[in-house]
Structures are given as structure tokens and as C-alpha cells.
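For reference, the chains in residue letters:
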Amino acid sequence: MRTIRTVIGHDWLLLTRNRSLWLLTGILVLTWAYALYYGQAVMSKQHDTLTQLETLDNSTKTAFRSLFQRTHRPDTIRADGNLLTSPLATESYLVNNVAVNTPSAWAALVIGQRDVWPQYRKVSGRSLFFDGNGVVLEEAYGEIMNPQRLVAGNFDWAFVLVYLLPLLIIALGYNVLSQESELGTLPLLAMLPLPVWHLVAWRLLFRWSLVMGLVSVLTVVGLCLVGGSPIRETGTVIGWVGYLTLYTGFWFGLCFWVAARRGTSAMNALALLAVWVAALFIIPALVNAYTTLRYPVTNRVTLLDGLRETTDGLWAQPSPLTFGPFFAEFPQYKKTVPDLFTDADMQRMATNPALRQFYAEKFFVWHHALSRLVSGRYDAYAAGRVARYRAGDLWRWVNPAVTMQEALSELAGSGYRQHEAFQRAVSQYHRQVMNYSNGLTFSAKPLTLADYIRYPAFALPPPSGDDTASAARPLLVLSALVWLIGWLSWRRQTNRPV
Amino acid sequence: MTTAIFQKELRGLSRDRRALGLAGLVGGLLLTAFVVSYSQWVVRERERASLQQTMYHKWTHQAAKNAHGAAHYGTFVFTPRPLLSFFDPGIVSYVGSIIRVTAHTQNEALYSEAGDSGPGARFGDFSAALVLQLLIPLLLIFLGFDAVTSEKAGGTFGLLLTQGVSIRTVLWQKAGAYSAVAGLILLSVLGTTGMIVVLSPDAGSDWPLRLLGLGVVYGAYYGVLAVVTVGVSALSRNAGTSLLTLLGLWLLASVGLPKLAANVGTVLYPLPAKQTFMAAIDHDFEQGINGHDPGSERNKRFVSQLLQQYKVDTVAKLPVNADGLLMQADEDYRAAVTRHHFGAVYDQIQRQNGVSQWLSWVDPFLSVRELSMRLSGTDYAHQVELEEQVQTYKMKLVRRLNTYMATHSRTGDWTTPAERALFTQTPDFRYRAPSVGWSLADGGLVVGSLLGWLGLSMAWLGWVAKRISPL
Chain A
1 MRTIRTVIGH
11 DWLLLTRNRS
21 LWLLTGILVL
31 TWAYALYYGQ
41 AVMSKQHDTL
51 TQLETLDNST
61 KTAFRSLFQR
71 THRPDTIRAD
81 GNLLTSPLAT
91 ESYLVNNVAV
101 NTPSAWAALV
111 IGQRDVWPQY
121 RKVSGRSLFF
131 DGNGVVLEEA
141 YGEIMNPQRL
151 VAGNFDWAFV
161 LVYLLPLLII
171 ALGYNVLSQE
181 SELGTLPLLA
191 MLPLPVWHLV
201 AWRLLFRWSL
211 VMGLVSVLTV
221 VGLCLVGGSP
231 IRETGTVIGW
241 VGYLTLYTGF
251 WFGLCFWVAA
261 RRGTSAMNAL
271 ALLAVWVAAL
281 FIIPALVNAY
291 TTLRYPVTNR
301 VTLLDGLRET
311 TDGLWAQPSP
321 LTFGPFFAEF
331 PQYKKTVPDL
341 FTDADMQRMA
351 TNPALRQFYA
361 EKFFVWHHAL
371 SRLVSGRYDA
381 YAAGRVARYR
391 AGDLWRWVNP
401 AVTMQEALSE
411 LAGSGYRQHE
421 AFQRAVSQYH
431 RQVMNYSNGL
441 TFSAKPLTLA
451 DYIRYPAFAL
461 PPPSGDDTAS
471 AARPLLVLSA
481 LVWLIGWLSW
491 RRQTNRPV
Chain B
1 MTTAIFQKEL
11 RGLSRDRRAL
21 GLAGLVGGLL
31 LTAFVVSYSQ
41 WVVRERERAS
51 LQQTMYHKWT
61 HQAAKNAHGA
71 AHYGTFVFTP
81 RPLLSFFDPG
91 IVSYVGSIIR
101 VTAHTQNEAL
111 YSEAGDSGPG
121 ARFGDFSAAL
131 VLQLLIPLLL
141 IFLGFDAVTS
151 EKAGGTFGLL
161 LTQGVSIRTV
171 LWQKAGAYSA
181 VAGLILLSVL
191 GTTGMIVVLS
201 PDAGSDWPLR
211 LLGLGVVYGA
221 YYGVLAVVTV
231 GVSALSRNAG
241 TSLLTLLGLW
251 LLASVGLPKL
261 AANVGTVLYP
271 LPAKQTFMAA
281 IDHDFEQGIN
291 GHDPGSERNK
301 RFVSQLLQQY
311 KVDTVAKLPV
321 NADGLLMQAD
331 EDYRAAVTRH
341 HFGAVYDQIQ
351 RQNGVSQWLS
361 WVDPFLSVRE
371 LSMRLSGTDY
381 AHQVELEEQV
391 QTYKMKLVRR
401 LNTYMATHSR
411 TGDWTTPAER
421 ALFTQTPDFR
431 YRAPSVGWSL
441 ADGGLVVGSL
451 LGWLGLSMAW
461 LGWVAKRISP
471 L
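Sequences listed follow chains A and B, in order.
Residues 1 to 498 in my numbering are what the first sequence lists, from first letter to last.
Residues 1 to 471 in my numbering are what the second sequence lists, from first letter to last.
Looking at chain A on its own, in the form it has when it is part of the complex (with noise of 0.2 Å):
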């Protein structure tokens, strides 16, 4: 034990005395502060934007509430020409409301994919691929974005990690024996009562031990920084941790491995540097290949033809064919409805206030017949999009910094799993707001302002510790799997002289 503390003690020494070391120490802090600061501008705008919405959502509301209140004359007509009491008029209701995916304070630290996907999607009465504009997939809820800076990525904190990070490693592990025999002092070292392989393994221990030490006090700063509470969100803190000890894991076992190789220093340099391009660059590339050829999402067109087929000619079908189909999901509503689908009947249905109950009915099957309609070609289209975001799992195996960028992304809410889970939520959603505007508008009666305030409001669940768990195995099979090769490598060279 005693040799042991002596060997950190004079690694220690080493390091503090390098100042190549202390220049890449003050590189990493100095790009923590400013992938802080980028983190966090792009997350703001974004939050910005969600809440923009949702006041505006929120005033739309209370502006119709108050209108409701104030004039005490719920039939008042409001300026679409509809009552307040009548069930069209929700959909004016309804006209901002949003469903968001609101980002976590984690965000700014691991922007992940947030920035490509659409974070929020209107939700009313409507189908959900239809919007007042036409036809619609929630794409078009996506932001404006420079397809130029996407292409050159985020400097935040999950890329020091994932990019930069290595790179250190690999400065205080790639001489970590080869100096010893450049200087010339290896037959010294080799007079210690511990094996050689020991001593490597002790050094690279505490260098792993000091990198850790430095990046889990740079997030959990970082993380109060951006507004985030380390106390609040321990389970993530830890899991953070963990990920970034699997990770800094699989470079030092890296260098344990190159070191078992006895090369000069310039060598093993050039071989981790050689990893590092091919995990960093090669192989995530490769997988995105394989990826595109592999899932292409042709049926996207198929969903998007069958959309504007179907809203083509939908609304002069005759009612058997709308009202059926409708009358037999919900048959609660079940009654007699008229067979009025003409042009000159739609004039009448404007006009003759008998017929708008009928005209609100209409519309609002019309919306149901859409959804139901291209439901089968809508799965298929998400089924394929699953499978794709899931196709980069398969090769988790071999793709660590895909594996941990995936991974810290998911902590962070920011992966593609809490991605999927908000689009499940926005579904259900719609369906509870759906189902709830076909009840008041099949009641047949004038709606009250109680019917407004109790309509559904949007929630998303938190992500389950099974998704952001679920990258640990591959990091950790693949961290071990280098330290026993090393190990190996040193166990078939014990009685090589040093």
C-alpha cells in the first residue's frame, strides 16, 4: 500500500509539473464556459418560444373565458360567425393550444437532436394532420434552422465530452510507461516491489480518478449555471456520472491496452489517435450510412399522398360513408343524420341555423373520418421512423461515442426515446381532446363555460429510467472489454526484460 501511495505521489508530482497538461486542463475549463454559454443561449431561445406559445395559448383562453363572463350573453356571436355556446366555436377556443416538450435545465448542457425536431404541435377538435391551413405532419412545427450550422453542430457541453474529452485522456495515458523508458528510468521503476503492469494500472487509475474528479464538478456546476439543481436532480447526477466514469473508462483502458504494447511514445499516440478518429468519425459515419440505406422512410410519401387523396372530395361524401364508421366507434352518439354533402347544401347548412348543429357534427366527423382514414398508413410512417432513430442501437456495441452521446442525451431529455414519448403523449392527447369535442358537440346542447374550462390540458410523462438506462450495458461490456485485453497483453509479457 505503502509503494502504491508512493507511485501516486510521484504521478502527482508529474502532472502538476507538466505544463502541457496544465495548457489542456485550462483548454477544457475554458470550452466548458463557453459550451455553458452556447448551451444555454440555445436552449433560452427555445424556451422562449414554448413559452411564447403558451401565453399566447393562455391569453386566447382567457380572453374567450372572459368574453364568456363578461357579457353574460353566451349566445353572443363571436366574429367567426359562430356562438360562443356552439360547438364550432372551440375550435377558436382551441385555436393556440399547444402541446410542448418543454426542455430540462440538462438541456443546455446536451442539446442532442432538440434543435432538428419540432418541439411543440398544435392540438384542437381537428384531425391531427390537418390545421386550418391544410395538410399537415408535425415537420412543419419544426423551427427555422441554418442547414449550414446543423451541419457543423453544437459546441456544448456533451461535445467536450464526447470529442474533446478523449483527446485529454489520451495526453495524460498514451506515455504512461513509454516515458519511463525514453527517460530511462524504467529499470528504476522496476525495482519497486509491484509488477510493472501494476504501476501502469495504479497511474492510470489516479489519472482516471483526477478526470473524473474535474468533469463531474464542471457539470454539476455547469448545471447550477443553467439553472438546474444537482440536489433535485440527484438521479440524474449520478447517472451522469456514471455514464462519464464508462466512458472515460473505455480511453484509459484504451491507454492501458497501447501501453501493454511497449511502443515509443509517438507511436502509441498515433494508434489512440487512430481509435479516436475511427470512433469519433469513422465508425458513427458508417452507421449513419448503414442507417439511411437500410430504413429510408419512403412511407412518409405514401402517409402524405393518402392525406391529400383522402381530403380530396372528403367532405362531399355522402354521410353513410363519414357518419358510419363514426356512429360505430362512438355509438353513444348514435341518431338519424341528414344526407346533405352538396355545394348547395353546404350553403344551406351556413345559413339555416337548424342545419349548423348539423354543420358543427359534420365537421367535426369529417376530422375523425380523416384521422381513421389514414391511421394504417400514419403507423406504418411512425413504425418506420422508430425503426430508424432505434437503427443506430444495433451497433452500440461498437459505436461508444454515438453510445454515450445517445446516452447522455437521453439524461438530458434531449434523446430520441423522450422525443418518441412526447409524440405517444401528443397522440393521447389529441384523442382525449378529440373525444371531449365530439361529446359537447353531440350533446346538442349550448355549451358552457364550465365545458370550456374542463377541456384536457397536455402532459408529458417523465422519461422512464429504463430508456436513459438502457445505454449503460454496451459502455460498460465495451469499457471492460479494453482493460481485459490489457490486462491480457500484460499477462503475456511478464517475463519480457524492461
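Keep in mind the hints are simulated off the structure, nothing from the lab.
Quick caveat, the model's predicted, so the values are computed rather than measured.
We put the CB at the ideal spot given by N, CA and C, even for glycine.
Among the hints, erroneous ones may be present.
[As the list claims (entries may be wrong)] Simulated pairs of lysine-lysine, DSS-like, Cα-Cα distance not exceeding 30 Å:
| # | chain 1 | residue 1 | chain 2 | residue 2 |
| --- | --- | --- | --- | --- |
| 1 | B | Lys-274 | A | Lys-61 |
| 2 | B | Lys-396 | B | Lys-300 |
| 3 | A | Lys-61 | A | Lys-445 |
| 4 | A | Lys-45 | B | Lys-259 |
| 5 | B | Lys-65 | B | Lys-466 |
| 6 | A | Lys-45 | B | Lys-274 |
| 7 | B | Lys-259 | B | Lys-274 |
| 8 | B | Lys-65 | B | Lys-317 |
| 9 | B | Lys-466 | B | Lys-8 |
[As the list claims (entries may be wrong)] Stretch-level coverage of chain B by chain A, calculated; a stretch enters the list once three of its residues show a Cβ under 8 Å from a Cβ in chain A:
| # | segment |
| --- | --- |
| 10 | 30–44 |
| 11 | 108–116 |
| 12 | 135–143 |
| 13 | 156–169 |
| 14 | 237–251 |
| 15 | 443–451 |
[Stated by the list, open to error] From the derived model, a few chain B residues whose C-beta atoms are all more than 12 Å from chain A:
| # | residue |
| --- | --- |
| 16 | Phe-76 |
| 17 | Gln-308 |
| 18 | Asp-332 |
| 19 | Ala-336 |
| 20 | Leu-366 |
With chain A held as given, fit chain B onto it using these hints.
Quick look at chain B alone, frame taken from chain A:
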């Protein structure tokens, strides 16, 4: 002047197992890049052509309907990928692949590859450009970091100088040898690219000029890198310092600054939120003609002008369908509004990209990346040009339909179906790729910076030659 050092350097590299191994690795990666990226291009283009054909067939064989109804029914344009995107995909994975063509709205290109992918997509596409921009520079660094330090350490540097060769000549010939290695790889890459282009359909006519341009751009970049590598090696005390310095510069130039430049551009020239952008367009739409709101004052004035123009007192006596003309007036107005708003966003994005172009005077990698995308037709300007061509196509299509409605029916008639020929004789969308001159126009800043870097690095090597000592 003798080229003995140049030849000796090349001979040394050809005998160096490390160099041969690295060159073999790069060669293997390039081959993989070509196979993978060209396969992606072929699959994508086949799929696009098939979908385009299907949609065109649907358009020409659509059910009988009123001409303006057909404009609402609309069609889709599937954005073509430039052939050279297999060489440098640029932004193609980050821009939409489908544009809806329909009356009253200008639809943006939606549904990008990146949007359909997980976070791994942000690690980049595998292509020859990735290898040329990131890995060949690393290869040059690995080959040349000890170009001078090893001579000094082995004591051969002084010996060389005693043969009457100047330090300047030694450095130049070493830089020349590394440039030659990079040049050889570059030639083989461009040769392979040329062969693929020749064998591909729709290669266009200006691809030789584009390949020539790519050769000049990458050649100049490798010249800068070879010179800097040898210069740093000459100034370094040992191989380790030289390697660390060069790798630090590579990391800064190829990974750090490109991200920083793009991020700074975003901060300096922010883009509007989509909601605000759409609200502004909707606001402006409300200030003009809305063809589907017959009761509005503007529409009444429009009809009144028509009556005056045709010298009749009721719309029934008009020889044209006023609704068709109203729809076209609506279309023209909305097109002007959207052009104004979309144009403002395009300009802002170009300002963001301008930051990277200015910073190319600090980092030549930014010049190379920009010029490579321009010459491959995969930069932002090409995307804007494509979307504008789609918008022009859409305007012609809708005008044709509205004019037909105006001239083949009477006001109030929204039901008479158009003749089938109106649909069958509609031309399909065809993208006209801009010329190489268009691609490079206004690229003076980045071309200048690359040439500036080449000139300055050469001058710097001359300064290094004067500064270092023979021992």
C-alpha cells in the same frame, strides 16, 4: 536545383511501413466512402425518380375536377440530390426532401434525413469529402511531424547542409514531397469521382470544371498543410512537441473553429421563431386579396374594376370567370408576401454563413469546406435556388389552372370540370442545376482566403528557414 531531398523523402516514405499502413488505411476508407456514398445517392435518386413519376402520373390522371380545385389538390416535388453530393454531401441531410406544390401557399422543403434520425446523425455523413477534409490532413501530420526533428535528432540535418544545400531548400523539398503524396491521393480521388460521374445518368456538362475546381481547392489546402507541417517540425524541439502542436492545430481548425464560427453566426444574426415568422406572413396575407373570401371589400373592388375594364354592369355579363382572376390575384399577392418573408430569412442565413466565410481568413478549413460544397452543389445557396425553381414552377402551374378557370367558365361556376388535356399537358418539374460559374460567384472571399493562406504559409516557411539553426 537538385531534387535529391525531394526524391529521398518520397523514397523514405515508400519504405516506411507506418506510412504505407496509414496510406493503405486511407485508401480503404476512400474506397468505402465511394461505395457507401454513391450507393446512398443511387438509392435516393431511384426512389426520388420513382416517387416523382408516380406523383406526376397521379396529377395527369386525377379525377375530373374544377381547375382551381386541381390547384388545391396540387402535387409534390421531390428534391433532387446533385450528383456530386456523393462526393461532398454538404447540407443535403439537413434540408427537406419534399415540397408540397399547392395553391395559395409557398411550402418549404420538409422532412430531412437528419430529422428522421437519432443523435448519431450529427456525427456526419461518410463521404470522400470527409476523408479529404479531415483524414488526409491527419495523414500529412502523421507523415511529416518528424520531417525535420528526426533529421536533427539523427544528426543528418547538419550533414545535409554541409552538402551545400540551404535550409530553405531542405524545407521546401520536404514540403514538396508531402504535397506530392497528398496530390497523388487527391488525383486518385478525383479520377475515381470522374469515372463515377461519367458512368452516371444526368451528369451535366460542367462536371470537368467542377472536378478541376475541387482539385485546385484541395490541392491548395494540402499545400498549406504540408508547408505548415514541415515548418512546425522545423521549429519544434522534438517530435513529440511537433506532433502535439500539429494535432492541436488540426483539432482547432477542423473541429473547433467550424463549430464556433457557425455558432457565432447564429448568435450575431438570429433567425425568427417559426411561430413569429408564420404569424407575420398571415398578418400580411390579411392585408391583401383573399380569393376565398368573396365578401371582403378588396374582392369587391377587384370585381368592380373588372366590370369597368370589360364595360359591363354585372358579373354575369363578364366574358371571363371573375373568380378565376380573383384566385390568380390572390396567388400573385401571396407569392409577393411569401417571397418577401422567405427572402428575409434566406438573407439572414446567408449573413450567418458569411461569418464562417470571414473566419476562413483565420482557418483555411472553412474555405475548403465552403468551396467544396459550392462545387458539389450542396451548399445553402443551391438549396435556395432549388426552392425558388420549385416556387416558379408552382406559380406557372397555378396560373395556368386559374387562367383556364377564368377563360373556360363563368363567374360562380366552381364545379365544371376542366378538360383532361389541362392536366395531361402539364409539364413535370425539372431542376436546372446552376453552372459552375454561378456556384462560385460571390465566393471571392473564400477563394481569396485560401490563396492568401497559401501565399502566407509559403512566406512563413521562408521565414522559418532563416530562423532555425542547423543543429
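Checked hints:
1. B/Lys-274 x A/Lys-61: Holds - the C-alpha atoms of A/Lys-61 and B/Lys-274 are around 22 Å apart, at most 30 Å.
2. B/Lys-396 x B/Lys-300: 26 Å, holds
3. A/Lys-61 x A/Lys-445: Given that 30 Å is the threshold and the Cα spacing comes to 21 Å, the pair holds.
4. A/Lys-45 x B/Lys-259: Roughly 18 Å between the alpha carbons, so the hint for A/Lys-45 and B/Lys-259 holds.
5. B/Lys-65 x B/Lys-466: 82 Å, violated
6. A/Lys-45 x B/Lys-274: 12 Å, holds
7. B/Lys-259 x B/Lys-274: 23 Å, holds
8. B/Lys-65 x B/Lys-317: 24 Å, holds
9. B/Lys-466 x B/Lys-8: 23 Å, holds
10. 30–44: Three-residue rule met by the segment 30–44 of chain B, so holds; n is 7.
11. 108–116: Per the Cβ count (7), the hint holds.
12. 135–143: holds (count 3)
13. 156–169: violated (count 0)
14. 237–251: With 6 residues close enough to chain A, the hint holds.
15. 443–451: It is violated: at least three residues are needed, and the segment 443–451 of chain B offers just 0 whose Cβ sits closer than 8 Å to chain A.
16. Phe-76: 7 Å, violated
17. Gln-308: 29 Å, holds
18. Asp-332: 19 Å, holds
19. Ala-336: 18 Å, holds
20. Leu-366: 10 Å, violated
Violated hints, listed in ascending order, are 5, 13, 15, 16, 20; each of the other numbered hints is respected by the structure.
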